[in-house]
Amino acid sequence: MAVPVNRRQHRGLVLLCLFLERLWETRASQIHYSVPEETAKGYIVGNISKDLGLEPQELAKQRVRIISRGRTQLFALNSQSGSLVTAGRIDREELCAQSLRCVVNFKVLVEDRVQLYGIEVEITDMNDNAPKFQAEILEVKINEIAAPGTRYPLPEAVDPDVGMNSLQSYQLSPNRHFSLYAQAGDHQGSISPELVLEHTLDREEEAAHNLVLIAFDGGDPRRSSTVRIQVTVLDTNDNAPAFAQPIYRAKVPENVPPGTRLLTVKASDPDEGANGAVAYKFWKISEKQSPLFQLNGDTGEISTTGNLDYEECAFYEMEIQAEDGGGLKGRTKVLISVEDVNDNRPEVTITSLFSPVSEDAPQGTVIALFNAHDQDSEKNGQVVCSIQDILPFRIEKSIEDYYRLLTTQILDREKTSEYNITMTATDRGTPPLSTEIHINLQVVDINDNPPSFSQASYSVYLPENNLRGTSIFSVTAHDPDSNENARVIYSLTDDTVMGAPLSSYVSINSNTGVLYALCSFDYEQFRDLQMQVWARDSGDPPLSSNVSLNLFVLDQNDNTPEILYPAFPTDGSTGVELAPRSAEPGYLVTKVVAVDRDSGQNAWLTYRLLKASEPGLFSVGLHTGEVRTARALLDRDTLKQSLVVVVQDHGQPPLSATVTLTVAVANSIPDVLADLGSISTPADSEDSDLTLYLVVAVAVVSCVFLAFIIVLLALRLRRWHTSRLIQAAGVGLAGLPTSHFVGVDGVQAFLQTYSHEVSLTADSRKSHLIFPQPNYVDTLISQESCEKSEPLCVSDDSRFPIEDTPLVPQAPPNTDWRFSQAQRPGTSGSQNGDETGTWPNNQFDTEMLQAMILASASEAADGSSTLGGGAGTMGLSARYGPQFTLQHVPDYRQNVYIPGSNATLTNAAGKRDGKAPAGGNGNKKKSGKKEKK
Numbered sequence: 001m002a003v004p005v006n007r008r009q010h011r012g013l014v015l016l017c018l019f020l021e022r023l024w025e026t027r028a029s030q031i032h033y034s035v036p037e038e039t040a041k042g043y044i045v046g047n048i049s050k051d052l053g054l055e056p057q058e059l060a061k062q063r064v065r066i067i068s069r070g071r072t073q074l075f076a077l078n079s080q081s082g083s084l085v086t087a088g089r090i091d092r093e094e095l096c097a098q099s100l101r102c103v104v105n106f107k108v109l110v111e112d113r114v115q116l117y118g119i120e121v122e123i124t125d126m127n128d129n130a131p132k133f134q135a136e137i138l139e140v141k142i143n144e145i146a147a148p149g150t151r152y153p154l155p156e157a158v159d160p161d162v163g164m165n166s167l168q169s170y171q172l173s174p175n176r177h178f179s180l181y182a183q184a185g186d187h188q189g190s191i192s193p194e195l196v197l198e199h200t201l202d203r204e205e206e207a208a209h210n211l212v213l214i215a216f217d218g219g220d221p222r223r224s225s226t227v228r229i230q231v232t233v234l235d236t237n238d239n240a241p242a243f244a245q246p247i248y249r250a251k252v253p254e255n256v257p258p259g260t261r262l263l264t265v266k267a268s269d270p271d272e273g274a275n276g277a278v279a280y281k282f283w284k285i286s287e288k289q290s291p292l293f294q295l296n297g298d299t300g301e302i303s304t305t306g307n308l309d310y311e312e313c314a315f316y317e318m319e320i321q322a323e324d325g326g327g328l329k330g331r332t333k334v335l336i337s338v339e340d341v342n343d344n345r346p347e348v349t350i351t352s353l354f355s356p357v358s359e360d361a362p363q364g365t366v367i368a369l370f371n372a373h374d375q376d377s378e379k380n381g382q383v384v385c386s387i388q389d390i391l392p393f394r395i396e397k398s399i400e401d402y403y404r405l406l407t408t409q410i411l412d413r414e415k416t417s418e419y420n421i422t423m424t425a426t427d428r429g430t431p432p433l434s435t436e437i438h439i440n441l442q443v444v445d446i447n448d449n450p451p452s453f454s455q456a457s458y459s460v461y462l463p464e465n466n467l468r469g470t471s472i473f474s475v476t477a478h479d480p481d482s483n484e485n486a487r488v489i490y491s492l493t494d495d496t497v498m499g500a501p502l503s504s505y506v507s508i509n510s511n512t513g514v515l516y517a518l519c520s521f522d523y524e525q526f527r528d529l530q531m532q533v534w535a536r537d538s539g540d541p542p543l544s545s546n547v548s549l550n551l552f553v554l555d556q557n558d559n560t561p562e563i564l565y566p567a568f569p570t571d572g573s574t575g576v577e578l579a580p581r582s583a584e585p586g587y588l589v590t591k592v593v594a595v596d597r598d599s600g601q602n603a604w605l606t607y608r609l610l611k612a613s614e615p616g617l618f619s620v621g622l623h624t625g626e627v628r629t630a631r632a633l634l635d636r637d638t639l640k641q642s643l644v645v646v647v648q649d650h651g652q653p654p655l656s657a658t659v660t661l662t663v664a665v666a667n668s669i670p671d672v673l674a675d676l677g678s679i680s681t682p683a684d685s686e687d688s689d690l691t692l693y694l695v696v697a698v699a700v701v702s703c704v705f706l707a708f709i710i711v712l713l714a715l716r717l718r719r720w721h722t723s724r725l726i727q728a729a730g731v732g733l734a735g736l737p738t739s740h741f742v743g744v745d746g747v748q749a750f751l752q753t754y755s756h757e758v759s760l761t762a763d764s765r766k767s768h769l770i771f772p773q774p775n776y777v778d779t780l781i782s783q784e785s786c787e788k789s790e791p792l793c794v795s796d797d798s799r800f801p802i803e804d805t806p807l808v809p810q811a812p813p814n815t816d817w818r819f820s821q822a823q824r825p826g827t828s829g830s831q832n833g834d835e836t837g838t839w840p841n842n843q844f845d846t847e848m849l850q851a852m853i854l855a856s857a858s859e860a861a862d863g864s865s866t867l868g869g870g871a872g873t874m875g876l877s878a879r880y881g882p883q884f885t886l887q888h889v890p891d892y893r894q895n896v897y898i899p900g901s902n903a904t905l906t907n908a909a910g911k912r913d914g915k916a917p918a919g920g921n922g923n924k925k926k927s928g929k930k931e932k933k
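Take 1 as the starting number for the sequence shown in the working numbering and just add one per residue.
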């Protein structure tokens, strides 16, 4: 049961707090002071800092100031004492005329709070004005037949003060004929004096009487003023002028031009002659009204002499007196109402302007505080404020005639950095009048945009062998912010390339984004460089973005062809190739194998016979490097033939290398020895030494051959065992790049495995003879034997991943590289001497050739291949197996095109094409028989 009671108590406390808060707001919104008029400048009106709840020193900090409209600043703020003081002398009569209560209203603005307080200062009256008559001498004419008790109106004295300080009484100088009667006037505080005739006058006895009228106010000290009254006694005039209406009324618009007739007053006098002639004049009119109106004394017509202004005075009241020639008078009132015309445009005054504004200012931020006022009345004075609809602002009314300009959304400086706001204040008059003011609003930038690159990634191509410090590329990031927020700093990520930091290869200018090469790049070392470029602005906090940049190194022809076979001897001896005298034209004598570390066109190699001891006897394949007999050997042909073969690439400029071949023309080794013996001239001890050397050489060759056979069998068994393990482990090695299996050194070792060296000495000349193994020329292996014996020998090109294409597309070969369709390259010795044909344009055949050659080269590298045409040799000649059908080793297989046509070299390729493997040109059978012997 206690809970409801507590809730009621709480509710009562909340209502009490709200009520007290409302009272405080009411008191805070309207502060009242009073100050007497005519005080000196700096007079303390009140302690406004205390009433506003601020410390005196906070008046300047809070930016508190007075806002007044349409009048001189009467008050000021003393920031040291926190008081409201007068800004100068204050004249109450000038401000409020004869209003009983004179109040000055203005506003006090606390800018930091954007809050207005109403201030009301009442100006109290002081007796600083004495009653004043409009004239110094007043002439009054009285007929001598006037009866005692007749009253004659006297002019009133005017005192602009109010209350007790205003006019209180009149006093007439002593006289036996006249007395003074004063009665309250129509307006509050006004007294109308009248001269009362006490005794009958006699013009003949006394034609004139001089009186003094004194007007007194009730102030302290008491002030007074006098007017002299001259009474002239006239002859008999018994009718006074009389107006047709006691009150005349007129309405006139305020925009009438000067000289406009307003109305005409008319008074009649039945007397004749001078006593009936009526003259009109203003009897009672204020000093401010007198310059605006004109009265025709003869006709009684009232017209304007100045411009009327409804906003200054909307109502005029005056009295007109008609006097005849006999001195009798009549009076009437004229009331003129001024009608308002929409002749004033609204007045717009910006009180506070908060510019510039931050672009992240929340919705509803106050941009400006302004006042819109129209001096007209009713609809003519009602003001409507508006701005352009497309702007993100709105106008909200604050209090009275004050308005606030607010934001309707969060601003974006990158879209609009400056707003030209046109505020229009329009009244509701007919026709409506409007006033425009323009506000220039600047939007302050914040760091809200990261730098952005024009591309998602960049690719840069740089020729190798570049100079150090070369400018490679320039990246540019744009930041739509301004000043420091838009100043971009570029940097690279701290990556490593081939074990070295990225900064040792390239650098970037942090201000311009220009990329520089710090070293000379070598295409043969690496071909591309990937990096991340960062762009960071200088804002707080800084924003950043990155972009990937790929630097591709372009190959230059900076490597000469390297001849792998025949290898250059290291002991100064000369290698010798054997060519039987029974060889037919087209017989394969040997093959020159060369590679070029460059790529593309720079690695396309051609072979030419530069020099021969017997011209026309031998020919060299333009693209294969195969040395063949060009004609049948004759008995007259010398035993020793010397050939100089040049290997040249297709770079610009082309580079070349030469090799010298020595060919021995004989059917067998004994024939070579016999021929050499017959050639030698000395027959003494040198013959015995030569024979001894030959015997030793034959013995050594036989021992080496036997040892080679034993080692080869052992390696073959080991290879068989390893293949079984590999088959069990899957095809894990099938996806490795071919360059991982064999390199140039492996090929050289492979070539050296298939040669015998015999050193012979004859005639004090030392020659080095190389006797190749028997040539199994045209042996081709089947797919089945390849699958059973060699796990690395594959017929599907999917096991050898094709590397990425070069950066610069290779130009298509010219017609000099073509072969006829019937002369597609086969195994060693199976081709004739025709050098025409085309480069293979079938990717499957090209990759097949590469895969087969790589597998053979891999076997050669670990010494596991056999001498015959068994599995693992790809059917290549055992004698010329290490020389390959192509001129490139696996390390550079991605650099060049493989010359030849679309021929298939294995049974698997034949099955694919639906044909049996193509044979040779007839030399296969004969050479095969010779080699079997």
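The set of hints was computed from the structure by calculation and includes no laboratory data. Beta carbons are placed, not taken as given, at the ideal position from N, Cα and C, and that holds for glycine. Treat the hints with caution; some may be incorrect.
[What the hints assert, rightly or not] With beta-carbon atoms standing in for the labels, derived distance ranges:
1) Asn105 to Pro270: 30 to 36 Å
2) Asn47 to Gly218: 18 to 24 Å
3) Thr226 to Gln115: 53 to 59 Å
4) Pro257 to Pro431: 15 to 21 Å
[To be verified] With a straight-line cut-off of 30 Å between C-alpha atoms, the simulated DSS-like cross-links for lysine-lysine are:
5) Lys50 to Lys333
6) Lys107 to Lys132
7) Lys132 to Lys41
8) Lys61 to Lys132
9) Lys333 to Lys284
10) Lys281 to Lys379
11) Lys61 to Lys41
12) Lys141 to Lys41
13) Lys415 to Lys288
14) Lys281 to Lys329
15) Lys251 to Lys284
16) Lys281 to Lys141
17) Lys281 to Lys132
18) Lys141 to Lys397
19) Lys141 to Lys251
20) Lys288 to Lys397
21) Lys141 to Lys50
22) Lys329 to Lys107
23) Lys379 to Lys132
24) Lys329 to Lys141
Status of the hints after comparison with the structure:
In this structure the supplied range 30 to 36 Å is violated for Asn105 paired with Pro270, their Cβ-Cβ distance being about 56 Å. A hinted range of 18 to 24 Å for the beta carbons of Asn47 and Gly218 is inconsistent with their spacing of about 33 Å. A hinted range of 53 to 59 Å for the beta carbons of Thr226 and Gln115 is consistent with their spacing of about 56 Å. Evaluation of the 15 to 21 Å hint for Pro257 and Pro431 yields a pass: the beta carbon distance comes to about 20 Å.
Between Lys50 and Lys333, the direct Cα distance comes to roughly 52 Å. Violation of the 30 Å bound is thereby established for this hinted pair. A threshold of 30 Å between alpha carbons decides the hint, and for Lys107 with Lys132 the separation of about 37 Å lies outside it, so the pair is violated. Annotation: proposed proximity of Lys132 to Lys41 holds, straight-line Cα distance about 28 Å (limit 30 Å). Proposed proximity of Lys61 and Lys132 is contradicted: the alpha carbons are some 50 Å apart, above 30 Å.
Annotation: proposed proximity of Lys333 to Lys284 holds, straight-line Cα distance about 9 Å (limit 30 Å). Proximity of Lys281 to Lys379 is assessed by CA-CA distance (about 38 Å); at most 30 Å being required, the pair is judged violated. Only pairs whose Cα atoms come within 30 Å are accepted, and Lys61 paired with Lys41 is accepted, the gap being roughly 25 Å. Pair hint Lys141 plus Lys41 does not hold up; C-alpha atoms about 51 Å apart against a cutoff of 30 Å.
Among the hinted pairs, Lys415 with Lys288 is inconsistent with the structure: their alpha-carbon atoms are about 59 Å apart, more than 30 Å. In summary, the hint linking Lys281 to Lys329 is supported, as the alpha carbons are separated by about 11 Å, within the 30 Å threshold. With a C-alpha separation of about 20 Å, the suggested pairing of Lys251 with Lys284 holds against the 30 Å cut-off. Distance restraint check for Lys281 and Lys141: the Cα-Cα separation of roughly 16 Å lies within the 30 Å cut-off, and the hinted pair is therefore satisfied.
Taken as a hint, the Lys281 and Lys132 pair is honoured in the structure, with Cα atoms around 20 Å apart against an allowance of 30 Å. At most 30 Å may separate the alpha-carbon atoms for a hinted pair to count; Lys141 and Lys397 exceed this at roughly 65 Å. A distance of roughly 35 Å separates the Cα atoms of Lys141 and Lys251; the hinted pair therefore is violated under the 30 Å criterion. Among the hinted pairs, Lys288 with Lys397 is inconsistent with the structure: their alpha-carbon atoms are about 37 Å apart, more than 30 Å.
Distance restraint check for Lys141 and Lys50: the Cα-Cα separation of roughly 65 Å exceeds the 30 Å cut-off, and the hinted pair is therefore not satisfied. A hinted pair counts as satisfied when its Cα atoms are at most 30 Å apart, and Lys329 with Lys107 does not qualify at roughly 52 Å. Between Lys379 and Lys132, the direct Cα distance comes to roughly 41 Å. Violation of the 30 Å bound is thereby established for this hinted pair. For the given pair, Lys329 sits about 10 Å from Lys141 by alpha-carbon distance, which is consistent with the 30 Å threshold.
The structure fails hints 1, 2, 5, 6, 8, 10, 12, 13, 18, 19, 20, 21, 22, 23 (numbered hints given earlier, in ascending order).
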